[in-house]
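J.: For what it's worth, the UniProt record's numbering labels the leading residue of the sequence shown as 1, then goes sequentially.
Keep in mind that a hint or two might mislead.
The list that follows gives simulated cross-link-like pairs (lysine-lysine, DSS-like), each with its CA atoms no further than 25 Å apart [claimed, not checked]: (1) Lys237 with Lys7; (2) Lys66 with Lys93; (3) Lys63 with Lys7; (4) Lys93 with Lys26.
Pairwise CB distance ranges (calculated) [claimed, not checked]: (5) Pro215 with Ala81: 55 to 63 Å; (6) Pro29 with Lys172: 33 to 41 Å; (7) Val20 with Gly204: 18 to 26 Å; (8) Met28 with Thr220: 47 to 55 Å; (9) His170 with Ala141: 33 to 41 Å.
Keep in mind that the hints were calculated from the coordinates and are not lab data. Just so you know, even glycine gets a beta-carbon here, dropped at the ideal spot from N, CA and C.
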Amino acid sequence: MSVEAAKHARELLLKEYRGVLSTHSKSMPGFPFGSVVPYCLDDQGRPLILISRIAQHTHNLQKDPKCSMLVGERGAEDVQAVGRLTYLAEARKLEDNLAIDAAAERYYRYFPESQNYHKAHDFDFWVLNPVRHRYIGGFGAIHWIDQITLANPFAGKAEASMIDHMNADHAKAIAHYVELAGLPATEPAQLAGIDSEGMHLRIGQALYWLAFPAPCNTPTQVREALVYLAHAEQWPKNAEADA
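Full structure from sequences and hints, please.
T.: Structure (structure tokens):
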């Protein structure tokens, strides 16, 4: 297995925030059923989804948790020349209250509008536990990968504290990240998530993952990376943004 391919597959999963979830149809046995779902990654780096109890894909998962999610690079003119990932998984509904609260705190940062319908309607959080992955990085770059997930060392209070601090006190730095990465400046960006390899910015309802110049394993290293980027004149060549 190529370590580089696993890294690229994980970055694709981080860069995108919606995919096609395919489940085993309950009403049409033998046929796959595909539906679009937004997602963010949980503390273990697994896709976390929020789905309605009356949705067809929920009924399908309740009968058979085996599923797959197809994630592809957005905005590509030639979809066969860019990365795409088929994430084979077994879905599990979160039942523990502490796990649900942690999932909600993270998911709401990525999709603030979801807080209203989650509370007003019957929606549940599900996590997609990985089984295997099929990653295609372009023509001829085809890989079966067993492991791509990476636990987030900051998930929880550390991540929330860093995000709140940046959004409250460093709006100029965040605006500079947007400019450096060539992201839309239609409205102010908000920091939504931090992981060891980068950060997520939310601009309106769109999400963008920006890679750090180097992996960060401590809050101090994250701070150093954010300060460095706040004073950089161009985005580091080894840390490309998802524009």
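J.: If a hint holds in the structure, say so; if it doesn't, say that too.
T.: Hint-by-hint comparison with the structure:
Our distance criterion of 25 Å between C-alpha atoms is met by Lys237 and Lys7, whose separation comes to about 16 Å. At most 25 Å may separate the alpha-carbon atoms for a hinted pair to count; Lys66 and Lys93 meet this at roughly 13 Å. Distance check on the hinted pair: Lys63 and Lys7 sit about 33 Å apart at the alpha-carbon level, beyond 25 Å; violated. For the hint pairing Lys93 with Lys26, the CA-to-CA distance comes to about 18 Å; that is within 25 Å, so the pair holds.
Separation of Pro215 from Ala81 is about 28 Å and departs from the stated range, judged on CB atoms against 55 to 63 Å. Range check, Pro29 to Lys172: about 57 Å between beta-carbon atoms, so the 33 to 41 Å window is missed. Separated by about 23 Å at the C-beta atoms, Val20 and Gly204 satisfy the suggested range of 18 to 26 Å. Look at Met28 against Thr220: about 54 Å separates their beta carbons, and that is inside 47 to 55 Å.
Between His170 and Ala141 the Cβ separation comes to about 38 Å, which falls inside the hinted range of 33 to 41 Å.
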